[in-house]
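Peer 1: The residues making up each chain are set out below.
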Amino acid sequence: MKEILTLAFSAILIQNVLLSRFLGTCPFMGVSNKRSSAVGMGLAVVFVITLSSVISWALYNYVLVVFEMTYMKTIIFILVIAALVQIIEMFVKKVSPPLYRSLGIYLPLITTNCAVLGMATIVGSEEYTLLTAFVFSFASAVGFLLVMYIFATLRERIDNGNVPKAFRGVPIALISAGIMAMIFAKFTGVI
Amino acid sequence: MTKLQNFTKGILKENPILVSVLGLCPTLAITKSVENAIGMGIAILFVLVFSNFIISLIRNIVPNEIRIPMFIVVIATLVTLVEMLMAAFLPALHESLGIFIPLIVVNCIILGRAEAYASKNKPLDSIIDGAGMAIGYTLVLIIISIIREFLASGTITFWGDLQLTVNPEQSAQIFTSFFVSPPGAFIILGLLLGIVAAIRNHKKEVKKQ
Amino acid sequence: MKELPKTIKYSLLLVILGIVAGGLLAYVNSITAPIIAERKDAELKEILEEYFECERFTDETTNYELDKGIEKIYFGYVENNLEVVIYQTSTNGYGGPIVTLVGINLTDDKLVNLQVASAENETVGIGSKVLNHDFSVAGENITDYSFEIISGATVSSNAVKNNLIIAIKHYTENKTLFEKVS
Numbered sequence: 001m002k003e004i005l006t007l008a009f010s011a012i013l014i015q016n017v018l019l020s021r022f023l024g025t026c027p028f029m030g031v032s033n034k035r036s037s038a039v040g041m042g043l044a045v046v047f048v049i050t051l052s053s054v055i056s057w058a059l060y061n062y063v064l065v066v067f068e069m070t071y072m073k074t075i076i077f078i079l080v081i082a083a084l085v086q087i088i089e090m091f092v093k094k095v096s097p098p099l100y101r102s103l104g105i106y107l108p109l110i111t112t113n114c115a116v117l118g119m120a121t122i123v124g125s126e127e128y129t130l131l132t133a134f135v136f137s138f139a140s141a142v143g144f145l146l147v148m149y150i151f152a153t154l155r156e157r158i159d160n161g162n163v164p165k166a167f168r169g170v171p172i173a174l175i176s177a178g179i180m181a182m183i184f185a186k187f188t189g190v191i
Numbered sequence: 001m002t003k004l005q006n007f008t009k010g011i012l013k014e015n016p017i018l019v020s021v022l023g024l025c026p027t028l029a030i031t032k033s034v035e036n037a038i039g040m041g042i043a044i045l046f047v048l049v050f051s052n053f054i055i056s057l058i059r060n061i062v063p064n065e066i067r068i069p070m071f072i073v074v075i076a077t078l079v080t081l082v083e084m085l086m087a088a089f090l091p092a093l094h095e096s097l098g099i100f101i102p103l104i105v106v107n108c109i110i111l112g113r114a115e116a117y118a119s120k121n122k123p124l125d126s127i128i129d130g131a132g133m134a135i136g137y138t139l140v141l142i143i144i145s146i147i148r149e150f151l152a153s154g155t156i157t158f159w160g161d162l163q164l165t166v167n168p169e170q171s172a173q174i175f176t177s178f179f180v181s182p183p184g185a186f187i188i189l190g191l192l193l194g195i196v197a198a199i200r201n202h203k204k205e206v207k208k209q
Numbered sequence: 001m002k003e004l005p006k007t008i009k010y011s012l013l014l015v016i017l018g019i020v021a022g023g024l025l026a027y028v029n030s031i032t033a034p035i036i037a038e039r040k041d042a043e044l045k046e047i048l049e050e051y052f053e054c055e056r057f058t059d060e061t062t063n064y065e066l067d068k069g070i071e072k073i074y075f076g077y078v079e080n081n082l083e084v085v086i087y088q089t090s091t092n093g094y095g096g097p098i099v100t101l102v103g104i105n106l107t108d109d110k111l112v113n114l115q116v117a118s119a120e121n122e123t124v125g126i127g128s129k130v131l132n133h134d135f136s137v138a139g140e141n142i143t144d145y146s147f148e149i150i151s152g153a154t155v156s157s158n159a160v161k162n163n164l165i166i167a168i169k170h171y172t173e174n175k176t177l178f179e180k181v182s
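Chains as they are written, first to last, in this note's numbering: chain A, 1 to 191; chain B, 1 to 209; chain C, 1 to 182.
One chain only, chain A, in its complex shape:
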């Protein structure tokens, strides 16, 4: 149990998927300027990452390894992700049209989110068990959501402040992200 907790803790804070592994930076810059869209995107990503990572793990260990086709993993993983996002899109459209409208283009963009394919690639290997695959991918995705939310809160303030014209938008966002990364880096000494 302790092992699982440590894994989760390190995935969320210490080796944060965004601030430490650099996965998922594009939506990080693009979506995080409003808290509501950041949270919406974050939750969708948690769902997609967890589900796709576990499915990728299963496909890798029970199909690809068995048929000695592990080189097909990148193709298979990305197709799984694309299919999953499609299904979720159709589901959300049917169940809650207003949510679908507010998420807009960000939903299909989850397919090209480095974090999703990144996590699937990390977890889709022989070094994880079903449980650790689930915990690690879920926790990492939660880390993503956490940073997205904190960052959106920050950006709402920054965008109202006195930023030099050239730095408005992405540049100042990146610099702020760097400062956040410095803070998160300090979590390593905790355990």
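Think of the hints as simulated: they come from the structure by calculation, not from any bench.
Check before you lean on any hint, since a few could be wrong.
If you want a taste of the chain C side facing chain B, the calculated C-beta under 10 Å gives, among others [as the list claims (entries may be wrong)]:
#, residue
1, Lys6
2, Lys9
3, Val20
4, Val28
5, Asn29
6, Thr32
7, Pro34
In silico DMTMM-like pairs for lysine to aspartate or glutamate, Cα to Cα no more than 20 Å straight-line [as the list claims (entries may be wrong)]:
#, chain 1, residue 1, chain 2, residue 2
8, C, Lys6, B, Glu65
9, C, Lys161, A, Glu127
10, C, Lys161, A, Glu3
11, C, Lys40, A, Glu127
12, C, Lys72, A, Glu126
Over the 12 Å line for every Cβ pair with chain A, so calculated as not near, a few chain B residues [to be verified]:
#, residue
13, Phe7
14, Thr8
15, Phe46
16, Phe53
17, Asn60
18, Val62
19, Glu95
20, Ala131
21, Gln163
22, Thr165
Beta carbons are placed, not taken as given, at the ideal position from N, Cα and C, and that holds for glycine.
Once you have looked at the hints, place chains B and C on chain A.
Peer 2: Structure of chains B and C alone, referenced to chain A:
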């Protein structure tokens, strides 16, 4: 647009990182050494040129509804090819680029060019577009890597043992590994994009007058 | 029903593309995989020779039943006698798997050496200390040894210790089988 303009637009006017702000993930992660940047650049050049070429070739056979999955399969196959070749013939590079090689698949630049250009233009033009974009991307990667690697350790590694080093006594005082750490990456890129934006704004002002 | 032919046509196109892609990759894989495997073997031999001074090594992984955490078993021979049983074990540390090589001498049940082979997901400067740390277990008895946990890197050190425990357990249970070989 002339062929030359088609090529150079990827380097300047429509530079994928500096102008379109695409493909940030690898930009932040692998720019720790110039060698990495060059290696990644070669990989992306290969994938982008071939994917643009192939997708342009099949653009009239691909039904619109399933074009995205088909593009993805083409790109993923090319990336897997690059990964296998790198693992076999350039193992050190393969290890330092790590997970970012398969992540080329979701690099917005590749799918972006496929969708925006290759699916609507002839093969030769698509190849030129791909090459220009890839080179533009690589140049920025190299510039960032030079800054980061130099500030971190006073060395610039071009390829393996081909290095440029500053006097080690001076290194200890000025250089710090902060610049190859994650926060350093964000900050350097942020500063760079800010400076580029400032230059472009200035040019716009000058043009107005 | 009008939809059906379209779906079939699209699926067919995708499947054909998939087969072409798969075929191409299978071909390239058949060329590159042996090269990669050969290099890995050479690197491995270099590592084994450095930490467990034997003349010759064989990979015995498929010949024995492995417990959880054991990735490989190697035999180290000196003058054609089986001297050292080497385990490649893997346990999860802080951020990922920590792979350790543990060598046990068959003649006197003593630990020959312990070497952390990879800890790439551990925190740089903290957990990664296990990589070059000398845990000084060489010469100790497998039933009674002292293992030093690096302070500040408890999780990573415990993973290494777990690797050691796994190796010793398998050795103790299978020792009679190993003795039959020499």
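Peer 1: Would you settle whether the hint for Asn29/C is holds or violated, based on the nearest Cβ-Cβ distance to chain B being less than 10 Å?
Peer 2: 6 Å, holds
Peer 1: With 12 Å as the threshold, tell me whether Thr165/B passes as away from chain A on beta-carbon distances.
Peer 2: The assertion about Thr165/B holds, with a minimum of 27 Å to chain A.
Peer 1: Regarding the pair Lys40/C and Glu127/A, is the alpha-carbon distance no greater than 20 Å?
Peer 2: 18 Å, holds
Peer 1: Could you let me know if the closest chain A CB is still more than 12 Å away from the CB of Val62/B?
Peer 2: 15 Å, holds
Peer 1: Can we confirm that no CB of chain A comes within 12 Å of the CB of Gln163/B?
Peer 2: Non-interface label on Gln163/B holds, nearest chain A Cβ at 25 Å vs cutoff 12 Å.
Peer 1: Using Cβ atoms only, decide whether Lys9/C comes closer than 10 Å to chain B, and label the hint accordingly.
Peer 2: Nearest chain B Cβ about 8 Å off; hint holds.
Peer 1: Keeping to a limit of 20 Å between CA atoms, is the pair of Lys6/C and Glu65/B held or broken?
Peer 2: Roughly 10 Å between the alpha carbons, so the hint for Lys6/C and Glu65/B holds.
Peer 1: Does Ala131/B really sit off the interface, with its C-beta more than 12 Å from all C-beta atoms of chain A?
Peer 2: 22 Å, holds
Peer 1: Would you assess whether Thr8/B, listed as outside the interface, keeps its beta-carbon beyond 12 Å of every beta-carbon in chain A?
Peer 2: About 24 Å separates Thr8/B from the closest Cβ of chain A, which puts it past 12 Å; holds.
Peer 1: Is the Cβ of Asn60/B farther than 12 Å from every Cβ of chain A?
Peer 2: Correct as stated: the minimum Cβ-Cβ distance to chain A is 23 Å, above 12 Å.
Peer 1: In terms of Cβ atoms, is chain A entirely out of 12 Å range of Glu95/B?
Peer 2: Non-interface label on Glu95/B holds, nearest chain A Cβ at 15 Å vs cutoff 12 Å.
Peer 1: The output says Phe53/B does not contact chain A. Does that hold with a beta carbon cutoff of 12 Å?
Peer 2: 19 Å, holds
Checked against the numbered hints given earlier, this structure breaks none of them.
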